[in-house]
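Peer 1: Generate coordinates for the entire structure from the input sequences, incorporating the hints supplied.
Each protein sequence line maps, in turn, to chains X and U. According to the working numbering, the first sequence is numbered sequentially starting from 1. According to the working numbering, the second sequence is numbered sequentially starting from 1.
Hints were generated in silico from the structure; no laboratory data involved. Please read these numbers as outputs of a predicted model, since none were measured by experiment. A couple of the hints might just be wrong.
Identical copies go unnamed one by one, so any copy, or any two together, can satisfy a pair.
Stated by the list, open to error - Here are the computed lysine-lysine pairs in the DSSO-like style, where the Cα-Cα straight-line distance is at most 30 Å:
1. K313 <-> K263
2. K325 <-> K313
3. K351 <-> K110
4. K5 <-> K110
5. K286 <-> K5
6. K57 <-> K372
7. K322 <-> K110
8. K5 <-> K323
9. K175 <-> K286
10. K247 <-> K5
11. K313 <-> K323
12. K351 <-> K57
13. K5 <-> K325
14. K175 <-> K110
15. K313 <-> K110
There are 2 protein chains.
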Amino acid sequence: MANKKISIGLFGFGVVGQGLYDVLNHSQGLSASINTICVKDRNKKRKIDLFYFTYEKNDILNRKDIDVVVELIDNAQDALEIVTTAMKNGINVVTANKKMLADNFELLFKLQQENGVSLIYEGAVGGSIPIIRNLEEYYDNELLSSIRGLLNGSCNYILTCMELNNMSFADALAKAQQNGFAETDAWLDVAGFDTLNKLCLLTAHAFGVILKPEQVLTLGIQNISDDDILYARAKGLRIKLLATARKVGEKLHVFAMPHFVSKDSEFYNALYENNAIEVEGAFSDKQYFVGKGAGSYPTGSAVLSDISALTYKYRYGYRKLKKVKSQLGENLNAVHLLDNSINQKVYIRYKDKAELNGIEILEIDESYESKKINYLVATVSLKSLFHLKESRSQTVFVCAVS
Amino acid sequence: MANKKISIGLFGFGVVGQGLYDVLNHSQGLSASINTICVKDRNKKRKIDLFYFTYEKNDILNRKDIDVVVELIDNAQDALEIVTTAMKNGINVVTANKKMLADNFELLFKLQQENGVSLIYEGAVGGSIPIIRNLEEYYDNELLSSIRGLLNGSCNYILTCMELNNMSFADALAKAQQNGFAETDAWLDVAGFDTLNKLCLLTAHAFGVILKPEQVLTLGIQNISDDDILYARAKGLRIKLLATARKVGEKLHVFAMPHFVSKDSEFYNALYENNAIEVEGAFSDKQYFVGKGAGSYPTGSAVLSDISALTYKYRYGYRKLKKVKSQLGENLNAVHLLDNSINQKVYIRYKDKAELNGIEILEIDESYESKKINYLVATVSLKSLFHLKESRSQTVFVCAVS
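Peer 2: Laid out in structure tokens, this is it:
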């Protein structure tokens, strides 16, 4: 197998698809080439010969001479159909579609077992950082206690531009989009959904627990203002959109929200489109991984590495997942392992007191009101913040104080 | 195999061996237990039942019911005999003995192929950082351009104590030894030999080139003084013992020496016993890994992860090494790929001008002389520093200026 040239059917030729194409063309070690590329738009200009393109997915999915389907399209629903069809046809799949994966993890796990095919997706989390495979292989028997990370290159880019270059949120977002870091729908980035999807993938591979994205508290940076940046800067802090999955006894604490981080935190210096992930074990202490989390080539490289892994028949073992399943019984949902009843100290910047309605405040540390800005620093029940998921208020911003 | 309990024969019960014992006892996922422990010293107090111990290596090596030999002794020569005998007897081996590995890489590579056994050694480099397996698997087809790292926890600990806590070299070294970070023979740490051995392992797995430690320029921190720390601090720099393997065209630049690093460098914030490794690819940009590089549990965890990998028959593929070998012909030494003819800007602190004899100085940037301290900042031929390898002068200290 190692010497056979593998034939790739590629779906999507956007930022990552073109990155993969370039990286693949420069790779000497890997015996693989793109056979056919399936795209939607017939009228878009393509930088390579139209001979490679098709507009009909079955031109790839029904072909016997395609060894690997690489799915790099935007739309999660279309991606799901492509990926499941390929798997049912016995074709191994590489994807970077975190939304599709997080929304359908259970189904995709089962299809791998039933059809004896491999579905791998290192490019879906952490860009160029090899985190999924490390969680699968290296941390297999480690007593992991937590995994935390800055998982969205676009948000980190925006926050860095606001903090270091005094840019407004809108300008920083526009610049992230110009540079190709942001999702086509930037809302998925800034409201935290991309981070959330990745967090669900990490939780599955780190702890063997499949959570649905809707079960996990997620607050984004969509409502951040210059005032919040100034507040952080005055205290020598930076704001980072941090995803956390932590084991506490038999339960998991899983959530994603903005955090103030100090100079002592490894996350403080992870800037611009970098992603950063910290893995903590009972015995190995903390390991910290940093790398480009967005962009054409870094993600293309991660996809290439997956294609390479398929040349030696690599599959995720899902050992932790299988163990949890065998403990719970095959059909029992693992959601009861998720504990959302956590109290957390947060900074809440608001305009009108009424906006605090519904938030269960346990203890107030600071309270500031002025004509320009009002905020509380208070310990709240994390669960009572759920209604702020997807908030488009622009006048409420919540940030964890560690 | 996954459900069979694997039986471990352990050699050595020092810092790492005891760490492994504890980590293994707390691991729930791994079906493995220590069968017998072979040690040298009959009179040493042991913290577990003497029933487990033997003083005769063949009590492990000739046993049919031992699945894995874990070699964690100090002496590289004894280790080599244990490891090669085990491999010839068809037993898979986990080791963390970087000196043995670096000195005998070619032989140990061959024995794996000839005997169809696995020899893995994640604990030998980077402590808890999973670097070897990432180089083998993840960066397999990536166009790597360089790998650099702080590979010796003891040196980093000493430098951090000198820089942040104003300790003398001697006091800092004593503290590192008290904490169990230093090798039994601290000279191996401070003179850079431990770093050098690890660098040779990284070069083999990153670029597929086997170098002998004696071929690689290595300068340590054994001669560092408070004056050097003060010089760095005045310029906002820190001193780190940095190992580098860099691909330049078809050639490799490989060397280890102290470097001044600035705040902009990721290495600046890697403190105390942490190790840090930066991998740079043509397309994936930089990835940065940080973790505890020394100590009982972190290294024990890395060894445990190797044992776990053996339960699913993991072996290093050595794909890059095999490719280089096939290009060079099986018996051709790869040393001609190493290019030591590099010029490098360095700081040289010296006492007597005569100490500069033999160093080929190409251009002097700064020259300072006083009653207390003399130094040059100059571009020199790196090759001409080879005679300072193992220097015990205490009056000459060399540090790269990037």
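Peer 1: Name the hints, by number, that the structure is in violation of.
Peer 2: Those not satisfied are hints 1, 3, 6, 12 and 14.
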